[in-house]
Amino acid sequence: DTAVSQTPKYLVTQMGNDKSIKCEQNLGHDTMYWYKQDSKKFLKIMFSYNNKELIINETVPNRFSPKSPDKAHLNLHINSLELGDSAVYFCASRDSGYSSPLHFGNGTRLTVT
Amino acid sequence: AQSVTQLGSHVSVSEGALVLLRCNYSSSVPPYLFWYVQYPNQGLQLLLKYTTGATLVKGINGFEAEFKKSETSFHLTKPSAHMSDAAEYFCAVREPNAGGTSYGKLTFGQGTILTVHP
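Quick mapping for you: the protein sequence lines, in order, are chains A and B. For the first sequence, the working numbering gives the first residue as 1, with consecutive numbering after it. For the second sequence, the working numbering gives the first residue as 1001, with consecutive numbering after it.
Bear in mind the hints are in silico, worked out from the structure with no lab data behind them. Honestly, I wouldn't trust all of these hints.
[Stated by the list, open to error] In silico EDC-like pairs for lysine to aspartate or glutamate, Cα to Cα no more than 20 Å straight-line:
1. A/K36 - A/D85
2. A/K44 - B/E1095
3. A/K40 - B/E1088
4. B/K1105 - A/D38
[Said to hold, decoys possible] Calculated from the model, a selection of chain A residues having no Cβ within reach of chain B, i.e. all distances over 10 Å:
5. L11
6. Q14
7. D18
8. E24
9. V60
10. N62
11. D70
12. H73
13. L83
[Stated by the list, open to error] Sample of chain A residues facing chain B (criterion: CB under 8 Å; computed from the structure):
14. T31
15. K41
16. F42
17. L43
18. I45
19. M46
20. F64
21. R94
22. Y98
23. S99
24. P101
25. L102
26. F104
27. N106
Keep in mind it's a predicted model, so treat the numbers as computed, not measured. From the three backbone atoms N, C-alpha and C, an ideal C-beta is built for every residue, glycine too.
Using the sequences and the accompanying hints, generate a full structural model.
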């Protein structure tokens, strides 16, 4: 039983295309996140939703648009893909309470050619 | 603002040797601290966390970490390395009660790759 699942696992596309990554969690958590891991393995938060409400929106190009249809799902849509968007994107979720840890999905490796 | 520094991007040990991965943080208040492990092509898995109480916390796979407020450190240790410990390890910090745009945000260090030699 996968707790946080992302699809697709790999995504190869050309510059200028639009693509989406989907994330679902079956843990009953209220809060979900998108993190970007660059080629140097640095993890940076992009967005966070709490009960379908956007609460964290870091400095991310507006080509990136998250959508949360319900608290179990958080999707990431990327318009006009650029070479620099190539990275691994991780979805994560956590329960309420400041001490609760993040539970990560296995990542989506996006390659823009 | 909170930040995390992991000293040493690569650590290499022999099987059976002590593992020590260093993490120092910067935070305006004592934060919540986490260690995660990432195996190749996988997501991050929680090893252990410190919130309040006992400063020595034990995690999975024989790892433990000690919170030292005076040194603003949260170093990860394991007495005896195993080949299966080879992975990348991330230290992360969250300020307690951070609300607004920082709600629950985890800030990660840059990671330390652990190599275990036979």
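Hint check results:
Straight-line distance between C-alpha atoms of A/K36 and A/D85 comes to about 9 Å, which keeps the hinted pair within the 20 Å bound. Proximity of A/K44 to B/E1095 is assessed by CA-CA distance (about 16 Å); at most 20 Å being required, the pair is judged to hold. Pair hint A/K40 plus B/E1088 holds up; C-alpha atoms about 12 Å apart against a cutoff of 20 Å. As the CA atoms of B/K1105 and A/D38 are separated by approximately 18 Å, the hinted pair is consistent with the 20 Å bound.
At the 10 Å boundary, the C-beta of A/L11 stays outside the reach of chain B, the nearest C-beta of that chain being 14 Å off. With 10 Å as the threshold on Cβ separation, the claim that A/Q14 sits away from chain B holds: the shortest Cβ distance comes to roughly 23 Å. With a cut of 10 Å on Cβ distances, A/D18 stays outside the contact zone with chain B, its closest approach being about 25 Å. Every Cβ of chain B is farther than 10 Å from the Cβ of A/E24; the closest lies at roughly 14 Å, confirming the non-interface assignment.
Remark: the non-interface label on A/V60 is consistent with the geometry, its nearest Cβ contact in chain B lying 13 Å away (cut-off 10 Å). The claim that A/N62 lies off the interface holds: its Cβ sits roughly 17 Å from the closest Cβ of chain B, which is beyond the 10 Å cut-off. The beta carbon of A/D70 sits about 19 Å from the closest Cβ of chain B, which is more than 10 Å, so the claim that it is off the interface holds. Even its closest Cβ contact with chain B, about 17 Å, leaves A/H73 beyond 10 Å, as expected for a residue assigned away from the interface.
With a least CB separation of 22 Å from chain B, A/L83 remains clear of the 10 Å interface cut-off, as annotated. The criterion of a C-beta within 8 Å of any C-beta in chain B is met by A/T31, whose closest approach is roughly 6 Å, and the hint holds. For the restraint placing A/K41 at the interface with chain B, the shortest Cβ-Cβ distance is roughly 5 Å, inside the 8 Å limit, so the hint holds. Taking 8 Å as the C-beta cut-off, the interface hint given for A/F42 holds, the closest approach to chain B being about 6 Å.
Because the beta carbon of A/L43 sits about 4 Å from the nearest beta carbon in chain B, less than 8 Å, this interface hint is met. Here the hint on A/I45 is kept, as its CB sits about 6 Å from the closest CB of chain B, short of 8 Å. Here the hint on A/M46 is broken, as its CB sits about 11 Å from the closest CB of chain B, past 8 Å. Nearest Cβ of chain B to the Cβ of A/F64: about 17 Å, over the 8 Å cut. The hint is violated.
The restraint placing A/R94 at the interface with chain B holds, with a minimum CB-CB distance near 7 Å, inside the 8 Å limit. Checking A/Y98 against chain B by beta carbon gives a least distance of about 5 Å; that is within 8 Å, so the hint holds. Restraint check, A/S99 versus chain B: the minimum CB separation of about 4 Å is within 8 Å; hint holds. The restraint placing A/P101 at the interface with chain B holds, with a minimum CB-CB distance near 5 Å, inside the 8 Å limit.
The beta carbon of A/L102 is positioned within 8 Å of a beta carbon in chain B (closest approach about 6 Å), and the interface hint is therefore held. Interface restraint check for A/F104: the shortest CB-CB distance to chain B comes to about 4 Å, inside 8 Å, so the restraint holds. The interface hint given for A/N106 holds, since its Cβ lies 5 Å from the closest Cβ of chain B, which is under the 8 Å cut-off.
The structure does not agree with the numbered hints 19, 20 stated previously, though it agrees with the rest.
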